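Engineer: Residue numbers (our numbering), protein chains in the order written: chain A, 183 to 560; chain B, 183 to 560; chain C, 869 to 935; chain D, 869 to 935; chain E, 2 to 182; chain F, 2 to 182; chain G, 2 to 275; chain H, 2 to 275.
These are computed hints drawn from the structure, not numbers from a lab.
All values derive from a computational prediction rather than experimental measurement.
Warning: the hint list may mix true and false statements.
[Claimed, not checked] Which residues of chain E face chain B? A few of them, derived with a C-beta cut under 7 Å, are:
# : residue
1 : Glu27
2 : Glu35
3 : Gln38
4 : Tyr64
5 : Val112
Built from N, CA and C at the ideal position, the CB exists for glycine as well.
Given next are the chains, with one letter for each unit.
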Amino acid sequence: MTVNKARLIQGNQACAEGAIAAGVTFFAGYPITPSTEIAEIMSEELPKIGGKFIQMEDEIGSMACILGASLTGKKVLTASSGPGISLKQEAIGYASMAEIPCVIVNVQRLGPSTGGPTSTAQGDIMQARWGTHGDHPIIALCPATVKECFDLTVKAVNFAEKFRTPVYVLLDEIIGHMREKVILPNKEDIEIVDRKRPSTKPGDYKPYRTDESLIPEMADYGTGYKWHVTGLHHDETGFPTTKPALVEKLMNRLMSKLDKYKEEILLWQEESTDDAEVLIVAYGSTARSALDAVEKLREAGIKVGLFRPITIWPFPEEALARLAANVKGVIVPEMNYGQLYLEVERICKDKCKTSGLFKANSEPITPDEIIAKVREVL
Amino acid sequence: MTVNKARLIQGNQACAEGAIAAGVTFFAGYPITPSTEIAEIMSEELPKIGGKFIQMEDEIGSMACILGASLTGKKVLTASSGPGISLKQEAIGYASMAEIPCVIVNVQRLGPSTGGPTSTAQGDIMQARWGTHGDHPIIALCPATVKECFDLTVKAVNFAEKFRTPVYVLLDEIIGHMREKVILPNKEDIEIVDRKRPSTKPGDYKPYRTDESLIPEMADYGTGYKWHVTGLHHDETGFPTTKPALVEKLMNRLMSKLDKYKEEILLWQEESTDDAEVLIVAYGSTARSALDAVEKLREAGIKVGLFRPITIWPFPEEALARLAANVKGVIVPEMNYGQLYLEVERICKDKCKTSGLFKANSEPITPDEIIAKVREVL
Amino acid sequence: MLGELPLDINLKHCKACGICYAICPRKALAGDKLGKVYMSDPDKCTKCGICEAHCPDYVIFVRRDKK
Amino acid sequence: MLGELPLDINLKHCKACGICYAICPRKALAGDKLGKVYMSDPDKCTKCGICEAHCPDYVIFVRRDKK
Amino acid sequence: MSKRWEFRLSGTGGQGLITAGIILAEAAVLAGKEVVQSQSYGPEARGGASKAEVIIDEKQINYPKVVIPNVLLAMSPQPANKYGSEIKENGLIIIDSSLISDFNNEKARVVEIPITKLAKEDVGNILTANILALSAVVGLTKVVDFEYLKEAVLNRIPKGTEELNIKAMEIGWQWAEKHVV
Amino acid sequence: MSKRWEFRLSGTGGQGLITAGIILAEAAVLAGKEVVQSQSYGPEARGGASKAEVIIDEKQINYPKVVIPNVLLAMSPQPANKYGSEIKENGLIIIDSSLISDFNNEKARVVEIPITKLAKEDVGNILTANILALSAVVGLTKVVDFEYLKEAVLNRIPKGTEELNIKAMEIGWQWAEKHVV
Amino acid sequence: MRPDLQELFRMEKLPHIWCPGCGHGIIMRAIAEAIKESGIDMDKTVIVSGIGCSSRAPGYMNFDTCHTIHGRALAFATGIKLANPELNVFVITGDGDATAIGGNHFIHAARRNIDLNVILFNNNIYGMTGGQYSPLTPTGSKATTSPYGNVERNFDIPTLAIAAGASYVGRGTAYHDKLLKDLIIAGINNKGFSLIEAISMCPTSFGRRNKLGNAAKMLELQKTAAINVKAAQKLPPEKLEGKFLIGELHNKPAPEFTEEYDKLIAKLRKEAEQ
Amino acid sequence: MRPDLQELFRMEKLPHIWCPGCGHGIIMRAIAEAIKESGIDMDKTVIVSGIGCSSRAPGYMNFDTCHTIHGRALAFATGIKLANPELNVFVITGDGDATAIGGNHFIHAARRNIDLNVILFNNNIYGMTGGQYSPLTPTGSKATTSPYGNVERNFDIPTLAIAAGASYVGRGTAYHDKLLKDLIIAGINNKGFSLIEAISMCPTSFGRRNKLGNAAKMLELQKTAAINVKAAQKLPPEKLEGKFLIGELHNKPAPEFTEEYDKLIAKLRKEAEQ
Ligand SMILES: Cc1ncc(C[n+]2csc(CCOP(=O)(O)OP(=O)(O)O)c2C)c(N)n1
Ligand SMILES: Cc1ncc(C[n+]2csc(CCOP(=O)(O)OP(=O)(O)O)c2C)c(N)n1
Ligand code: SF4
Ligand code: SF4
Ligand code: SF4
Ligand code: SF4
Ligand code: SF4
Ligand code: SF4
Ligand SMILES: [Mg+2]
Ligand SMILES: [Mg+2]
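Please put together the full structure from these sequences, using the hints given.
Structural biologist: So this is what it looks like as structure tokens:
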């Protein structure tokens, strides 16, 4: 086994490389700071490997375009930031409903609106869950290092393919733009998941029939299966229905299919949680500040631990609840006005004190600020 | 004082009439079931009173168009449903950021995606709060009767003007499409609020300076104030800034300005809550089923009450918490997979048992289903 | 002797729109009391196919094989 | 005798793009070591205004009132 | 306890049943009652079956949908079959016997009126069938006074058709009277 | 405890400081150290002040932003003023004395090197100023061995400019040696 | 239905949901005939649509079909075609879907000259939502949102498509079904963006409100108001008043997007090999 | 700056953020001159923009100004103009803002012939985001997202505007500043949708990457490649190769949207009075 060389690369670049490593061969996007490097790298790399890059006329078109490409069997990616992500919402809902695998990278900048294009933020956490209308399944992953940008983009592609759902990779501007030393894994060491292709002949194929896996098999367009895709409620055959029982059957499956794979989907990191009296819940670049704070506080003899959700949606509720039951308080530092905090409060309120440390002014939350907050809470 | 005649009108029509009664003279929209009647009525009525109706090329354009019109000093409205509301998200964030008064009616249909265009739902509750990227202020009102469609649209216009924020009126398809007997108030009895116009001369005008009201004065375009509007973070003068201290000042004000007026903004209804042992939290048409259930259960001697949030966002948290402290359990019936339930759980979890009754298959939740749920919980 | 008719008519799908019998150049078609198509005068039919091409519901098929 | 120059130059705003001295038909302008404009040959200037119109930063104003 | 009337008026698109539902509701408004009216949308609304529902009560109407109707009007076979089973014990079903044959129901009383035929032949205009039927519905249930129905009808119909519609109402009413038990 | 080095390289857009920051970071990677590099974006990135930050440590770097730099390189007056006060007690400030005059700092040691002048006159190409400066920074701090810096520089620069850049590095290094205390 | 056409339809889904006399059925049939006649591989053929009555067509057609979201059919189709240029990609869209909410994707797909066969069902109205005016509703016409007559001007969609870069543009009608079929075949044979405007009719939401008579009358109107470009060239302008042109309106081959992209890939491959 | 122009600027905001040699500054000045010369009421004048380097212009101009969201300037402007037709409404937009994400509003505003004065700063690139290709980037040109040369075709934006319905269309350049000013004035005087394409230059993100030299060289290029329509009419086609036309390209008055709407209101008023 060869070991790759250490390299200095940017978070956005690691996303792009992760996507290609995971088998992405199609990218459609529209430039927006601070995500643009991903598109730029894809425009350079994809044609080299016979893949396709297209700069669409806008973000809506980009999202629609990758969904079309995904239907032909390709693994697909788009990348954007706040304003563009807002525009993609209708099409993301379509992907959830029609179960079209796709990955969306959101390099978060400070909102709302145009806000601060080059300022860091974690303000799109709730949008990732609730941005499109109606109930729908979604997965969102949140890297804290450049290496994780690579790894989690690979995972995102795998999740999208396996669970037939849109998957977000939520960077913040710091993670997206910083360069860090990384050693990327070898090709052979990267797990690659492909969507389930039909096990039946075209005549017998029912595109939305599922077994207990809850994930239907998906035929590539152009392979003779002649199936129908719609964003309307549909039955197993893929054709529209308004029958309440069938609508309910579809929606129940959609809304529970990820539950079934919780163990696989829910990722998190625990640091010094064993004997912690205070738990910090942090993610993305803020988790790095939190980790620093934990190390320093531990040195000072203060029993504090870190819970870092890597999968933000669905949220690793049970894992957090378990820890929360044994601490005095939970602190959530976020670069927003308290978004994931709401989820943490909901989970922990009956178990311990909860408090937030919110900052959304374009500057990162520092370890010292977290330390001060811990001392305040203790 | 003359008393108006009882009339039979549709929820959507009541919205349109309420808007006009509140002084709306500008409507831009794009047709979508089940909201289209609002546009149709506006196209007929507005030119009669010298107002303007325009059917834009899409929902994004519609939202942008009313914001432009609002800058000239007009009271403005748009109406849509799920897919269109998803498209409007970026521009709604702009309205929040630039503090441009506007009202958005969302007649909710069953999602996700195209879903069921004529099916009823309450699936866009969380989207109303979190649909656009970044933190932002928002108000959402939720009528349960045709009369309330009128009243709350008036209120929505008033709130938008007074607080310079986008305001949603969230109908569900049942409320939007049903006809009901109503007696609308007289013109003289309708409270009308206008936005604060500048108290200074053009030279001294700082468009985003505020006193303790936290709401800046707003000049109509074309009246010589020559001010600048942007979706970037900006200082009091309205021009862009990236200085963390100024960004923070702006965002803190935006994120707290509605808090200041909680007493005025937070509306809810309580029915039989005094001695209730079980509390039903329901809104929109579902609250009607809940009310029916309460009446029937009370007849059967069961102590159950109804808490109906009329203002959904911001949520009347304190009012609910107060009630929750005195009941055994809270039940949330919703036509979705549990959206407002998350908020209720967060508020009540440390006070009583919470449970949901979720149904999103195009059929309403019936009183009997709620009754059964109450009996199950008791 | 239905089999002998120049047209094959899938009446179940006819929505009584009236196009075919308005457009037939030979007036070989007509509408029944519900507006659905029937061959009022099969002999006049030249099998031109105009009705077939313009029926939005694919009700009509001109039997081109046999007379 | 700055007041006498045919041009009024707001050097603070000059970004040293080089347009004015490239475009001046009389070569009356030039760039300093940082590339900022200066009048290398005021006498050649005909006050044509081409530099003024093409300076993206409104650095130059041709004094049309006096010589 | 005040009586909650639940009406379901069903037929085929174009038969004017939505209008009939609205008129019935407006008659109830005129009569000072509480009322909620709703109708089917969606694919059903185009071409196929069409349905209007009206709830009338003395007191505030909470749940706004028909749970199980006391009165069903069926003006074509498809909805008659579709909705025929959903009726209150001892409810009332009025069918257009000129278009529906072989209709049976065990739970409810079935009144057969050749509505379309009457409209066409006796009133002289098939388009008045909905008004004729509505009048029969009101006549059989007495949910509102005839005068209110008349006023509501006259408020809604195109000018110039007053006489025709009054005639239709009268015929409907008379047929109802025949069946009042 | 391992030493955390925080570098801030500042100047004007076009002086190549972002590249210098990346090269420094890549030299650290070659030296087997942990490293994080970031830079300013936004209005600053266009025309005005430009800034690259590099953090080098032996152990994992958590907080990825410079808190307060040990080393500041200032290659033009504006950033020298802007960032001059943000420096660790006993830190190091290197200024381009060919462009900045009257610079004082009480907290840190200030080393003046006429970077641009040297690049122009001694190396013969003003575009090598960033490499010359970087070499001086490394020479003064010894944060990585010269060989790693050289390798990192050669990896990044356009072909054909090797000699020039090596010369710039050497001059920078020599100037640094003069100031090593 | 003609037996040989049946394999192109999902017969069990018929009758379709369209109203009696809706022109869309006639146009859908013409598309099927064109596909049949062109001889393209049905297994390698995809039909994409947006939302609208017209956009329901793919659900009845026996291919890989995709009923997307309103206005975005061309963006989906762009993804499909670029991802797999082997596929024959058709787009069925309405005047609202293509020219209102979808207008941007329309001009950009034309600009790229990507090899899509677009059949735009133009019934001059938003049929699906009950008859609001569209960008192709003639000025003055009534619609539920133009109760006093439409004050807006309408696009001439072939002109717009040509200006945007389409390499093949034609217009047919439900009445001129053979012409329509031939134009679609010509579009299929054009390697590039082909737009066929198919004049349809919506008796329910446009005809009735504008007093144009029943479906048959509306079809008759197409017959009388249409004039073939070739014939029109020979007529004086005054004879063309109130008429609209049908036939092949534009045919100017140009570099096709996916081919150009494939050339780039080939070039990079070659460079890499060297 | 010329003293009489200063009241049109927010002088305290200068110098602007644009790069050295950016053509946008020259064009902004031409706009100010045109407004000044046209004599319209500055208090009743609104300038709207989207997002991009060009769209930063309104921030420097002393009017009611609105820096909206990317691509939507024309939709905002439509709302402003329709709500208060008394206002003179200008739209400043970039090639990306107007023709990529904003393409739909562009063609629809043109179709309605709403009285807006649109000045499109065309620098053939997305400047603000660092140089990605736009729908107006010529085929073959390099950009950060077309590292091997742009494989897409580009719009000719006047052609598109005319096809969509614009009543006045002209093209000037940063070099031809006087012509540009005159075209803008003509646009102001046109009651309807006026599009002035103003060829700008982005030395930072387009010029450098495409080896076009510095700002002065790029300006020189505008001089040599442009040819006035009037002159062009007299030249044989081969003389026009590689050239682009400047001057008044289209001037065809047509009913204006807000006027038509006001007529409707007047008509309803009259009917109500009777
Ligand atoms: C985002 C969004 N906006 C609006 C709608 C509502 N809608 C559905 S179809 C349609 C118009 C369809 O018109 P057209 O494309 O002309 O098709 P037709 O029904 O006339 O065939 C509209 C506005 C929608 N489904 N999604
Ligand atoms: C919705 C959205 N998408 C993308 C962006 C990022 N963005 C900002 S400006 C711009 C392009 C600007 O190009 P152009 O309009 O040509 O203006 P220029 O900077 O060249 O003057 C882009 C893509 C954004 N701000 N919002
Ligand atoms: S085939 Fe021709 S002649 Fe025969 S019925 Fe049909 S239209 Fe008439
Ligand atoms: S055209 Fe077809 S649907 Fe219409 S009446 Fe004739 S057969 Fe029936
Ligand atoms: S006014 Fe004319 S001649 Fe004088 S410096 Fe400027 S460009 Fe040269
Ligand atoms: S054109 Fe203007 S900014 Fe450029 S060098 Fe000349 S004066 Fe300076
Ligand atoms: S509404 Fe119009 S377009 Fe839609 S199916 Fe009916 S006739 Fe056809
Ligand atoms: S990036 Fe280009 S367009 Fe933007 S300011 Fe710089 S030169 Fe001008
Ligand atoms: Mg249409
Ligand atoms: Mg540009």
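Engineer: So, for every hint listed, does it hold in this structure?
Structural biologist: Outcome of the hint check:
Evaluation of the E:Glu27 hint against chain B yields a held restraint, the C-beta minimum of about 5 Å falling below 7 Å. Given hint, E:Glu35 at the interface with chain B, holds; its Cβ is 6 Å from that chain's nearest Cβ, closer than 7 Å. Using the Cβ-Cβ criterion of 7 Å, the hint placing E:Gln38 at the interface with chain B is satisfied: the shortest such distance is roughly 4 Å. The interface hint given for E:Tyr64 is met, as the beta carbon of that residue sits about 5 Å from the closest beta carbon of chain B, less than 7 Å.
A hinted interface residue such as E:Val112 counts as satisfied when its beta carbon comes closer than 7 Å to some beta carbon of chain B; here the least separation is about 26 Å, so the hint is violated.
Violation of the numbered hints given earlier is confined to hint 5; every other hint is satisfied by the structure.
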